[in-house]
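Using the hints, build the complex out of the two chains.
As a plain string of letters, each chain reads:
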Amino acid sequence: MSHGKIIAGVIAPHPPHLVYAENPPQNEPTAECGWETLRWGYERLRASLSRFDYDTLVVFSPHWQTYVGTHFLGVPHLKSLSVDPIFPNLFRYQYDLSVDVPLSEAICAAGADAGLQTKMMRNPDFRVDYGTIVACHMTQPEWDKPIVGISSHRLTHYFSADVMQTHMMKLGQATRQAIEASGKRVVLLASHSLSHRHFTTEGEVPEDMSKEHITHHGQYLWDMKMIQLMKEGRTKEIIDLIPDFTEQAISETDSGALTWLLSALDYPQRPATVHGYGTVIGTGNAIVEWNMEETSP
Amino acid sequence: MSERILAGYVLPGLPHPLLCPEKNAGYQRLADAFGRVGDEIREQKPDLILLYSTMWPSVIGHQIQSRPEPEWIHVDELFHDLGSIPYKFRIDSAFANAYCEASQQRGLAVRTVNYHGFPIDTGSVVALKLINPNNEIPAVITSSNVYADRSETVVFGKAAVDALDSQNKTAVAIVISTLSNRVHQTFIDEADDHIHSQKDEEWNQKLLELFEKGRLEDVAQLSRQVHREARVHKVNNFKSMWWLSTVMGAHNRYRGDVMAYEPVAGTGSAIVGIQPADHAARDLEFDEGSPESFAGDRNVLASLDASAGLSSQTLDPGSGEGEQ
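Residue numbers (the working numbering), protein chains in the order written: chain A, 1 to 297; chain B, 298 to 621.
Chain B on its own, in the form it takes in the complex (with noise of 0.2 Å):
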C-alpha cells in the first residue's frame, strides 16, 4: 500500500446521474454515491484527487491534463440531448507536472495538455462536477493511452506515486470507468433502463463481489478476461485495473464499498470505494510481473533480427534440443 493513496474509487462516467437523476431511481441512486464520495474524499483531506480516465483516450502515450483552471461548456458526443454541462475545474498543474516528469524518467512517453478549449473528457467532467462541486481539492486527470498494454500502464502508475513522493503530497485515487461498458443499440426510455445483457450482469456481480471483499489486485489479474467478456473492445484491455491497483499498491489487503450499482443506457455502472485494510481478503501469488521501467514497443514484426532467442519469432524454427 502506497501511504501516498489514501483511497481509490471506480466511478462510472456517463453524464445521466448529473444531468438526468430524475429520469431513474437509479440514476438518483448514483448521484447520491457520487456524492457520498465527495464527502468521504473531504473527509481524508488528500492534497489532490488524480483521475485516470477510460473515457479520455491517447496516442501519442499518456497525457495528464495541466491548465491550472480549464473552463468549458461540455456537451457528451452521444448524449447531447440530456443537455450541456458547464464547469470550471481546478487543477494541480505542479502535480501534472511532475507526474509527467516521473513518468518520463521511468521511460513512458507522456506530455502535460494546458491549452484553452481543451476536450476534457464526460467522465471526468462528470465525476469531479458530483464530487467535488466546490473544487475544495485540486485535480489531475489522465488519460488512457490506445496503445498501451499492462507494462505500460503498471509503469504509469508507479510514477504517479513517484511524483507523489517528489512533491510530498496525498491523493485519492479514481478510475473513471463502468465496469461492463455495453449500451443498448436502441433509443430507450430512460425509466426503462436495465443491463445489456445477463452476461454482462453476471460478469458485474462477479467484479463487485471482488471488490467487495478488497480484492483489488485480483480485479487487475482478471483484466483480460473482463474485457473479453463484458467489455466492448475499444482499447486493448481493462487497464484502468492495472493502474489503480499500482497506485493503491498491488495486493488485496483492502476493504471495499460498493455504494450504488445501476444500469446506465445498459452498461453497469458501479461506484465502489477501496480503503485500506489491516488483512487481506486472500493471501494469493500474483504471477505477473511488476515492472519497473518502460522500454518501448519491442515491435516483434520488424525486428526479426531482435527476437533471434524466441524461435517462434524467427524464421529458423531450431533444432528443438534441450527444449522441455
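So here's chain A without its partners, still in its complex pose (with noise of 0.2 Å):
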C-alpha cells in the first residue's frame, strides 16, 4: 500500500447560516442571500481543493460533544434529517453520507494507543451533528467522499484549554500515523469559529446583512492577530496562544479542533491560505487552508 498522506488541513467554520444562504436543496429553509464573503470564502476553497485527489474528510465537529474520550462515528452510511438545536429556523437537512469506517477505526485505535480515551460510535439510529454536516457540505457540496467524524472531548470546559492541549495534541499525531499508515489522501476540516460570542437576539430577516457584525472589536483584534499568524506560518505561537484566544475572545477553539489541526500537520511553517473572514450572527469566522500539496515558497 502506498504512504497515506494528508493533503490539505483546513478550518472550516460551520455557522449554519452558510448552508441556508446556499440554498441547497438538502436544506428545508430558504435564503435571499447571506454571508457572502465567507460563502465566496468557500468557493475559493473549493476551488482549491479540486486542484489534488483524495479520498476523505476527516472532520473534527464541536458540535458532537463527548465529556468521556474522544469518539469516532463507526457506521458506514448515516442518512437521517439534521434540525440545528440552535437555529432551528434556518437549517433541517436532509443528509445521506458514507463514513471510511477503516480510517475511523484506524485513528480511534491509534489514539488509544497514544494513551487517549478513544470510542467508536456504532448506533445506526445516530443522528449527526450539523457541525460535521455543514463543514463537509461546504467544503464538498457533492457529498462523493467518505468522511470521518470526529467529537470534540469537552476537556477545556471539564479541566482547561492546556489539558485539552495536551491531549489534542496527541489526537493529531494520531490522526497523522494512522492516515500514513492507511494509504489514503485525506483532508482534514477542523469545522470551528475564532472568537465565538454572538448576539443574543436575531433579526427578523436573518439574511439582512445590515445587521451583521463582530460582537466586540477585542474578538475582531484576537481574530486578526490569529490569522496574521496562520498567514505568517507561526503555528506553534498559534498553539502558545490557544488558552488566551480561547478565554478572551470566547473562541470555539475551546472545541480542540484547531490544536488538533496544527498537530496533524505537524506544526507548518509555510503560510496558510486565507480564502475568507466574516461575521455570523457575531462570531468571528476564517476558511483557512494549510495545503500540503504545493510547493512550499
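Take these hints with a grain of salt, some might be off.
[Stated by the list, open to error] DSS-like, lysine-lysine: derived pairs with alpha carbons at most 25 Å apart:
{"hint": "1", "chain 1": "A", "residue 1": "K236", "chain 2": "A", "residue 2": "K170"}
{"hint": "2", "chain 1": "B", "residue 1": "K342", "chain 2": "A", "residue 2": "K119"}
{"hint": "3", "chain 1": "A", "residue 1": "K79", "chain 2": "B", "residue 2": "K496"}
{"hint": "4", "chain 1": "A", "residue 1": "K5", "chain 2": "A", "residue 2": "K236"}
{"hint": "5", "chain 1": "B", "residue 1": "K385", "chain 2": "B", "residue 2": "K342"}
{"hint": "6", "chain 1": "A", "residue 1": "K119", "chain 2": "A", "residue 2": "K145"}
FYI, nobody ran anything at the bench for these hints, they're computed from the structure.
Printed below as a string of C-alpha cells:
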C-alpha cells in the first residue's frame, strides 16, 4: 500500500447560516442571500482542493460534544434529518453520507495507543451533528467522499485549555500516523469559528446583512492576530496563544479542533491561505487552508 | 408560593436509568423513583408538566418546544452505546405559545420551536419517558439559555407563572439537572459507578440537606457557589435553581423529599420532590433582587458613556468625594 498523506488541513467554520444562504436542495428553509464573503471563501477553498485527488474528509466537530473521551463515527452509511438545535429556523437538512469506517477505526485505535480515551460510535440511529454536516457540505457539496467524524472531548470545560491541548496534540499526531499507515489521501477539516460570542437576538430577516458585524472589537483584534500568525506560518505560536484566545475571545478553539489540526499537520511553517473571513451572528469565522501538496515558498 | 405550581421536582438527565437499569442497583433505584414521581404527578392532576432542561442549551434567548406531537428515535451523543430511545410526546402547544408571549412581554428574547425532527435533549426525553410514559399529561419543555444569568432566568420563571395565569392552568415544575455533573474521564463498568470525587459528594450532601428541609430559595441563593464547586462550567451558573425557585415562589416554605440519590457516570443524580408546606424551614432574608422585566444586556465594555455613573467602568476614576 502506498504511503498515506494529509494533502490539506482546513479551518472550515460551520455556522448553519452558510448552508441556509446557499439554498441547497437538502435544506428546507430558503434564503435570499447572506454571508457572501464566507460563502465566496468556501468557493475558493473548493477550487483549491479540486486541483488534487483525495479519498476522505476527516472532520473534527465542536457540536458532537463528548465529556468522556473522543468518539468516532463507526457506521458505514448515515442518513437522516439534521435540525439545528440553536437555529432550527435556518437549518433542517436531509443528509445522506458515507463513513470511511476503516480509517475511523484506525485513528480511534491510534489515539488509544497514544493513551487517549477513544470510542467508536456504532449506533445506526445516531444523528450526525450540524457542525460536521455544514463543514462537509460547504467543502464538498457533492458528498462524493466518505468522511471520518471526530467528536470534541470537552476537556477545556472539564479541566482547562492547557489540558485540552495536551490531549489534542496527541490526537493530531495519532490522526497523522493512522492516515499515513492507511495509504489514503485525506483532507482534514477543523470545523470551528474563531471568536465565538454570539448576538443574543436575531433579526426578523436572518440574512439582513445590515445587521451583521463582529460582536465586539476585542474579538476582532484577536481574530486578526490569529489570522496573521496563520498567514505567516507561525503555527507553534498559535498553539501557545490558544488558551488565552479561547478565554478572551470565547473562541471555539475550546473544542480542540484547531490544536488537533495543527498537530496533525505537524505545525506547518508554510503560510496558510486565508480564503475568507466574516462574521455570523457576531462570531468571527475564517476559512483557512494549509495545502500540503503545494511547494513551500 | 404560586398556586399555579402544584409541586416541583429535580430530576437527573443521563439515560442509564431508562436504558440500562439492570447494570447497577442505583440506576434501578433511580428508575423506581422516576416512577414514584410519575405517580405523584398523576395524583396531583396538573394541567401540564413544565420542564426546564439544563441539557438543552440555547443561544438566541430561551426556546420553548411547541410541536404538538414531536416524534423521533433519540440517541445520546455520549452514551450512544446504551441504545436508542424512540419517543412520541404530547406537548401543550397553547401553553408553549402563551409562555413565549408572556416572556416577550417581560422583555426576554424567547421563541417557540415547532419543527419535525428538532432534537429534544436526552434529559427531557428520559424524564418524560419515565414519569409520563403514556403521555397522560401534556408537557412543555424549555431550554437553558447559555448567556442568561440570574436576572434573565428569574424573569423567565415569572413569565411561566404569567402564562399559567393567562391560561388558567396548573403545572408541576421540573428541572432536568444532576447535582454535581462531573463524569468519569475513563470508560467505566457501570457496576462500578461512583460519585466522581469526595468534594462533589460533600456538595451533593449539602444540597440534599437543603432540599430535604424544603430550603429551595437557599439552594437558589447558593447557585453561584455550587456552580464553582461542583459543576463543570459549561454555562455560567447553576441557574436552573433560580428558575425553579421563581416559578414555585422564592422562599423556603416547602417540604422536600429526596427520593433517590445515586451516581450515574460519576455525576450526583438525585430525584427530589418539593411540595408546598405551612411553615418555612428557616425564616431568612434574601438579599438578591427580584426583577420583573429584562432590559437587555448592559454591554459595559462597548458603552462606557452609558455607565458613567459607575466609576469603575469609566476612564475617569472620579475624585472620590462623598464616597464612604
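Here's how the hints hold up against the structure:
Taking the CA atoms of A:K236 and A:K170, the gap is near 15 Å; set against the 25 Å cutoff, the hint holds. Pair hint B:K342 plus A:K119 does not hold up; C-alpha atoms about 44 Å apart against a cutoff of 25 Å. Distance check on the hinted pair: A:K79 and B:K496 sit about 43 Å apart at the alpha-carbon level, beyond 25 Å; violated. Of the supplied pair hints, the one linking A:K5 and A:K236 holds, its CA atoms being roughly 21 Å apart against a limit of 25 Å.
Using a Cα cut-off of 25 Å, the hinted pair B:K385 and B:K342 holds, with the two alpha carbons roughly 21 Å apart. Of the pairs offered as hints, the one joining A:K119 and A:K145 holds, with about 23 Å between alpha carbons and a cut-off of 25 Å not exceeded.
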